[in-house]
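S.K.: Protein sequence lines, in the order shown, are assigned to chains A and B.
End of the first sequence sits at 354 in my numbering; the numbers just go up one at a time, nothing left out.
End of the second sequence sits at 628 in my numbering; the numbers just go up one at a time, nothing left out.
The reader is advised that the hints may include incorrect statements.
Per label pair, the in silico range of CB-to-CB distance [unchecked claim]:
#: 1; chain 1: A; residue 1: Leu16; chain 2: B; residue 2: Val341; range: 37 to 43 angstroms
#: 2; chain 1: B; residue 1: Arg586; chain 2: A; residue 2: Arg106; range: 45 to 51 angstroms
#: 3; chain 1: A; residue 1: Leu5; chain 2: B; residue 2: Val174; range: 17 to 23 angstroms
#: 4; chain 1: A; residue 1: Ala271; chain 2: B; residue 2: Thr618; range: 32 to 38 angstroms
#: 5; chain 1: B; residue 1: Glu166; chain 2: A; residue 2: His219; range: 33 to 39 angstroms
#: 6; chain 1: A; residue 1: Ile189; chain 2: B; residue 2: Phe177; range: 29 to 35 angstroms
#: 7; chain 1: A; residue 1: Arg106; chain 2: B; residue 2: Glu166; range: 34 to 40 angstroms
#: 8; chain 1: B; residue 1: Glu166; chain 2: A; residue 2: Thr27; range: 24 to 30 angstroms
The set of hints was computed from the structure by calculation and includes no laboratory data.
Every residue gets a Cβ at the ideal spot worked out from N, C-alpha and C, and that includes glycine.
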Amino acid sequence: MGGLRSLSLAVLFGLAFLATTASIRTALPWPRGGAFDARMRHFISHVDEYDLVFVGSSSVARGFDPAVFDAALAARGHPLRSFNLGVDGMWSLEADYLIREIVRRQPTRLRWIVIDLFELDPKLDSTPESESDVFTERGFYWHDAWGLAQVLRRVFAGSGGLREEARLAWVHVRLAAWRLGNLGQGDIALASWWAGPASEDAGIVQGGGFEALDDLNHPVAGKMRAFYLANAAQYEGVIATLDERNARPEAPPEAKRAEIREQSERLRAANIEPLYIIPPILRATPSLYGLVKATDVPVLGFNSPTRYPELYATEHRWDATHLNRAGAQCLSRLLAERLADLLDREGRTDAVH
Amino acid sequence: MLFTELRFLVFFVVAFFGYWALQGNRLRKAWLLAASYVFYAGWDPRFLLLLLVSTAGNYWAGAMIGREAPPGGRRLWLAASVVLDLGLLGFFKYFGFFAESTSALLGALGFYFRAPALKIALPVGISFFTFQTLSYTIDVYRRRIQPAASVLNFALFVALFPHLVAGPIVRAVELLPQFVSSRRFAAIHLRWAIGLILSGFVKKACIADRLAIVVDPVFASPASYGVASKWLAAALYHVQIYCDFSGYTDMAIGVAAILGYRLPQNFDYPYLASSVREFWRRWHMTLTRWFRDYLYIPLGGSRGSAFQTGRNLVLVFLLCGLWHGAAWTFVAWGAVHGAMLVLERGRFGRVVAKLPKPLGALYVNGVVMVGWVLFRSVDLGRAFRFLGGLVAIGEAPHPAIAKSVPVAWWFAVPVLLLAHLAARRQLWARTAGRLPNWAFAVACGVLLALVLPWVATEHRPFIYFQF
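Work out the full structure, taking the sequences as your base and the hints as a guide.
M.R.: See the structure below:
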């Protein structure tokens with residue numbers, strides 16, 4: 002068998018494989034197996050009903066109440082309908098995948114996506130060391146070709162040393178291979194085909210995707226709250242120096258700047274305006290403020306106890322990272338006010354903080 | 162590095178292209194040997210030294226046996242190689258077992274003896290490559306083969322990565338002659354090899370690993386499960402171990418074939434056998450023939466009295482059990498099989514021989530399944546609790562805390578049996594053989610894509626790696 006003939010057979014094999022895996026993937030329900038299934042499912046089936054969505058980690062998921070946000074904007078003469086697609090533990094490349102999925106569906110009404118400006122980690126935003134944590138549905142669903150390219154770019158732009166970079170790169174290549182081959186997804190496809198589309202969660206729809214930590218009744222959330230309350234005095238010290246530390250912004254890595262730039266350009270090309278936010282957490286985020294200075298994307302920073310003391314008041318917090326229901330209402334109103342300011346000054350999309 | 166892992170695919174692609182890109186037999190063999198050492202070091206680089214010691218020692222012994230004319234000298238070198246091989250095996254695999262057993266025995270007799278506690282990691286595949294090297298020196302001693310022409314050939318015979326860690330147990334006479342001439346890619350039966358790799362992958366990753374998820378908890382805690390769940394777990398393990406081991410072997414043979422080497426068959430539909438004797442001619446065939454040729458026949462085989470034959474059979478199967486693992490559960494498993502083989506040599510065997518084939522297969526599967534319970538159990542106590550539970554002997558778990566295996570899994574058994582029968586009729590081979598090249602390539606791509614969603618996403622080592 003000649004070399005060219007062998008090569009053409011290998012190409013045929015590859016094409017048949019890719020075409021079949023892609024067909025299987027379209028038959029798989031999306032999203033699946035993740036914490037945000039119900040919200041995403043609702044959003045996908047009502048994609049043309051919303052003007053604004055929130056995307057980000059738990060700081061966003063637990064920090065913005067669409068009902069309060071919509072009401073505050075309406076009061077300022079900007080009636081919008083928003084939905085919270087924040088997910089606990091989400092990180093920037095997962096969020097980027099979610100954003101691409103939203104854009105791919107060509108929402109006719111969507112004008113804004115409020116995006117968590119994730120903290121920068123020189124290696125990865127967060128990579129659990131344990132394989133059993135990494136190799137999950139949540140771990141691999143965003144590893145499409147673009148997601149893999151992005152994550153590899155970030156891995157090799159880091160400063161973890163060649164060995165660590167190779168380890169991380171291999172983890173993500175494996176995750177991408179899992180996704181490509183739909184590994185272990187047969188049961189899900191079968192169950193979905195058997196049971197039909199899942200019904201909507203009325204509570205999630207009514208709450209606009211928002212679920213306060215106060216209502217979660219989860220042991221981990223309880224532990225986090227107890228830890229926060231036990232260390233409240235210590236946090237006072239952190240709050241006192243937060244603005245000072247944020248005032249010395251750090252230069253962000255070029256890879257992160259490029260990511261933000263590319264993401265915002267992609268959104269604008271789809272007539273959607275990105276609005277990045279820095280959530281109020283009890284930790285200095287100088288790298289995020291560095292990013293604000295280094296890019297021309299609109300960023301609303303809320304991690305400032307001087308400017309937003311109410312977001313740091315104990316009665317508004319669940320723990321060091323998250324707000325409680327009252328705090329979320331407060332932050333939602335603040336964001337609505339600042340967005341209204343932006344909308345009033347139509348055309349202005351420069352950094353706000 | 163498991164055959165079902167992505168890193169093996171990467172490793173194999175590099176090994177494959179490097180191997181066929183090189184010109185000249187010697188270079189290719191050197192490349193393959195280097196790849197095999199990388200493969201072995203992927204488990205634990207420390208054990209590479211052990212493999213090298215075993216290779217060097219046996220090569221030297223083989224060369225000396227071939228050279229030494231006086232019988233005494235030849236015997237001495239054979240003894241040296243046997244001591245080396247069994248010494249390594251004994252130390253790494255059985256030291257802890259014998260030390261603990263001796264302590265327990267002396268304790269029972271009223272003597273206090275505390276055996277030195279050494280935490281020795283078991284080198285993967287040691288039982289397999291040790292049996293290969295043993296067979297080599299014995300065959301050279303018996304003048305059945307010439308000593309290996311070069312250390313490269315011998316090292317590759319021992320370490321060729323497809324068979325290195327879990328067999329088939331290849332004999333020098335089967336592999337060494339294949340190293341003499343350069344392999345030709347055009348001579349490879351690619352469709353057959355790809356079919357083996359695919360079927361092996363399905364058996365291991367889609368069936369065995371999935372069944373393990375159901376079976377493992379029952380064997381870990383048999384007391385928590387009722388009678389029906391125990392039967393189901395035993396039946397599913399019966400399927401799991403076959404799919405696991407024969408799946409691995411299929412992949413090993415297929416991978417070797419793609420590199421131009423032919424490995425011996427290791428399974429021939431053993432669960433379709435109609436006597437335990439026939440089962441052993443079809444299950445782990447290369448191990449069975451090893452024990453037959455290097456232990457059973459030298460012990461006298463079936464040439465002596467009925468008692469001597471029975472003794473030989475039981476002894477061989479006790480050692481066969483011990484070969485599988487350093488635990489009393491394996492010894493008990495070997496004893497069951499040895500006892501059944503002894504029984505089948507008598508009147509009982511004549512009754513079994515007269516059974517219609519399906520009934521005979523049912524009998525074999527029943528015996529083998531009970532044996533697997535011993536084989537799979539963590540210790541004899543749990544094994545007997547499990548076996549007692551199968552016939553509702555012993556305390557049943559309280560209904561409030563009893564766990565159960567979903568009944569739906571029962572459907573897996575007939576489905577897999579049908580698939581087994583279809584494979585026996587070589588449906589795949591016959592269909593694939595009729596396709597033009599382009600259609601075969603497309604069919605493989607589509608099949609692989611259809612199979613992957615059913616892969617159990619948790620990698621589990623091949624069961625036989627531990628042996």
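S.K.: So which of those numbered hints doesn't the model satisfy?
M.R.: No numbers; nothing is violated.
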